[in-house]
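Residue-level listing of the chains:
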Amino acid sequence: MPSDPAPEDAPAIQLIDLHKHFGELEVLKGVSVEARKGDVVAIIGGSGSGKSTLLRCTNFLETPSAGRVVVDGEEVRVRADGSPADRRQIERIRSRLGMVFQSFNLWTHRTLLENVTEVPVHVLGVSRDKASEQALVLLDRVGLRDKADTYPAYLSGGQQQRAAIARALAVEPSVMLFDEPTSALDPELVGEVLRVIRDLADEGRTMLLVTHEMKFAREVASEVIYLYEGRIEEKGPPDQLFSDPRSERLKQFLQSIH
Amino acid sequence: MVLLIDLSGLSDALELLSLSPPGWGSNLLRGLVHSLQIAFGAFGMGLVIGLFGAYGKLYGGPITRDLLAIYTTVIRAVPELVLILILYYVGTDLINKASQAMGYGRVEISGVIAGIWVLGIVQGAYATEVLRGAIKAVPPGQIEAARAFGMPTLTLMRRVTIPAMMGFATPGLANLWLIATKDTALLAIVGFNELTLETRQAASSTRAYFTFFLAAGALYLIVTLGSGVVFGRIEKWARRGQPSLRGGGR
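Going line by line, the protein sequences match chains A and B.
Under the working numbering, the residues of the first sequence are numbered 413 to 670, in order.
Under the working numbering, the residues of the second sequence are numbered 204 to 453, in order.
In short, the hints are calculated from the structure, not lab data.
It is possible that part of the hints are untrue.
Reference listing, derived: stretches of chain B covered by chain A, where coverage requires no fewer than 3 residues with Cβ under 8 Å from a Cβ of chain A [stated by the list, open to error]:
| id | segment |
| --- | --- |
| 1 | 340-353 |
| 2 | 357-365 |
Heads up, incomplete: computed chain B residues facing chain A, CB under 7 Å, no partners named [what the hints assert, rightly or not]:
| id | residue |
| --- | --- |
| 3 | 214 |
| 4 | 444 |
| 5 | 446 |
Straight-line C-alpha distance at most 20 Å; calculated SDA-like pairs for lysine to any residue [said to hold, decoys possible]:
| id | chain 1 | residue 1 | chain 2 | residue 2 |
| --- | --- | --- | --- | --- |
| 6 | B | 339 | A | 473 |
| 7 | A | 559 | B | 446 |
| 8 | A | 647 | A | 669 |
| 9 | B | 339 | A | 515 |
| 10 | B | 439 | A | 526 |
| 11 | A | 449 | A | 438 |
| 12 | B | 439 | A | 523 |
| 13 | B | 439 | A | 566 |
| 14 | A | 559 | B | 444 |
| 15 | B | 439 | B | 429 |
| 16 | B | 439 | A | 647 |
| 17 | A | 559 | B | 412 |
| 18 | B | 439 | A | 561 |
| 19 | B | 300 | B | 284 |
| 20 | B | 439 | A | 426 |
| 21 | B | 339 | B | 254 |
| 22 | B | 439 | A | 562 |
| 23 | A | 559 | B | 300 |
Ideal Cβ positions, reconstructed from N, Cα and C, are used throughout, including at glycine.
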């Protein structure tokens, strides 16, 4: 990453004691996560466990009720109510966190190429030529170079999600955030998306990955976090967590999904 | 015999409509140009008001929202003819009072500018609702994705929300444009020499009512047909990337 203000050994991302409540409902009850450069942290848990909320608090799509978020050693400054205090800072930090959504969220009125160049050109100020050149390389990487001039609605879910990954890569993210990237896909399309994510993990990208794909999490993650009702119930290296879960709830969870 | 009378009637009509005097054709065309100027200006002003109004209604504070609700309700509740009378006389009166208070004399207000101002305020109320509906129809995920990548608010509006809502807004806006072209006729009541007033003057001077009003009707029709073609193109462009039948979904 160019021009990192942080010391070399700063974690790529730290979430410290995050709380989030929607009215009376407490969704996160103090969750801390840390990922160093190259870590792939998989976050698993049942529905309503708070795993998506945790990811969305990372880039302040949801405003955490309490807690701190530190990206590349830079802490997001917040007001008393928890909302970002400095709009420019949060926009800059967001642009370093490439997010991939469950429902792709590609911009439907733009071609795949335009989707991938949009943020580099209009947020990061990269020249259009340079961004297009880079976008074609990225689309090639996810196997969609021949679809560069196609609109998203004409593509399968798997193709759209691969394009969304290319869009996230185009910002040269410090950390990639995956929010259940395969949950909206037909079963036969899941593999092509997981292959792309695995390649990215193998080349040392830092990732927070919320997923239901336990087998995949076990294969690519460096650490797995099991969330239960807004708290970390258990965490550890994938082999230990999946083969020898200590928590009763995690045992039940792993049984229930097989 | 009958044919001869018909032909002489037709040639009389053509003479009356001729562009050079003693024909009144150039008067009608001048009226049409004024009508179109006012319609363009009012539609444009309506779009600007509508965009701010829609954003204000969707994201504004309670006071902004209340004020906008009063604006759209009142304007849409009162007949346009009455609004035109109120806004025109109140507006010119206020401007003159202000000008006299500052020590200038009475100011002559251009008919076109006053017409744009009056109809623009009316159009703005309807455009607010059309655009509010269109913005709400944009899938929230598209806006969320832009926020997640750190897009600043104005860029987001310009690059994501407005282009994404255009497909939903175009049919409603096309309606507003056609209403704008026809509402210009109401300005005849405050003495603007737009198409309808020019037609009436020509007709009453020559007693050829049928000829002139038929000609004016044809001009309005041509404007409508031309607008249909233009808006068809705009809609096709605005809906780019959206298959006409989304895989049978929805």
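We went through each hint and held it up to the structure:
Counting residues of the segment 340-353 of chain B whose C-beta lies closer than 8 Å to any C-beta of chain A gives 10; at least three are required, and the coverage claim holds. Check result for the segment 357-365 of chain B against chain A: holds, 3 residues qualifying (beta carbon to beta carbon below 8 Å, three or more required). Because the closest C-beta pair between residue 214 of chain B and chain A is about 54 Å apart, greater than 7 Å, the hint is violated. Taking 7 Å as the C-beta contact cut-off toward chain A, the hint placing residue 444 of chain B at the interface holds, the least distance being around 3 Å.
At about 5 Å, the closest approach between the beta carbon of residue 446 of chain B and any beta carbon in chain A falls short of 7 Å, and the interface hint on this residue holds. Proposed proximity of residue 339 of chain B and residue 473 of chain A is supported: the alpha carbons are some 19 Å apart, at most 20 Å. Restraint check for residue 559 of chain A and residue 446 of chain B: the C-alpha separation of about 16 Å stays at or below 20 Å, so the hint holds. At roughly 18 Å between alpha-carbon atoms, residue 647 of chain A and residue 669 of chain A fall within 20 Å of each other, so this suggested pair holds.
Taking the CA atoms of residue 339 of chain B and residue 515 of chain A, the gap is about 18 Å. The hint holds against a cut of 20 Å. Taking the CA atoms of residue 439 of chain B and residue 526 of chain A, the gap is about 19 Å. The hint holds against a cut of 20 Å. Distance hint between residue 449 of chain A and residue 438 of chain A is unfulfilled; the C-alpha atoms sit about 31 Å from each other, more than 20 Å. Distance check on the hinted pair: residue 439 of chain B and residue 523 of chain A sit about 16 Å apart at the alpha-carbon level, within 20 Å; holds.
Among the hinted pairs, residue 439 of chain B with residue 566 of chain A is consistent with the structure: their alpha-carbon atoms are about 16 Å apart, no more than 20 Å. For the suggested pair residue 559 of chain A and residue 444 of chain B, the alpha carbons sit about 13 Å apart, so the restraint of at most 20 Å is met. For the suggested pair residue 439 of chain B and residue 429 of chain B, the alpha carbons sit about 16 Å apart, so the restraint of at most 20 Å is met. Proximity of residue 439 of chain B to residue 647 of chain A is assessed by CA-CA distance (about 52 Å); at most 20 Å being required, the pair is judged violated.
With a C-alpha separation of about 62 Å, the suggested pairing of residue 559 of chain A with residue 412 of chain B is violated against the 20 Å cut-off. The straight-line distance between the Cα atoms of residue 439 of chain B and residue 561 of chain A is roughly 17 Å, inside the 20 Å bound, and the hint therefore holds. Proposed proximity of residue 300 of chain B and residue 284 of chain B is contradicted: the alpha carbons are some 24 Å apart, above 20 Å. A hinted pair counts as satisfied when its Cα atoms are at most 20 Å apart, and residue 439 of chain B with residue 426 of chain A does not qualify at roughly 47 Å.
Taken as a hint, the residue 339 of chain B and residue 254 of chain B pair is honoured in the structure, with Cα atoms around 13 Å apart against an allowance of 20 Å. For the hint pairing residue 439 of chain B with residue 562 of chain A, the CA-to-CA distance comes to about 16 Å; that is within 20 Å, so the pair holds. Taking the CA atoms of residue 559 of chain A and residue 300 of chain B, the gap is near 64 Å; set against the 20 Å cutoff, the hint is violated.
In the structure shown, a violation is registered for the earlier hints numbered 3, 11, 16, 17, 19, 20 and 23, in ascending order.
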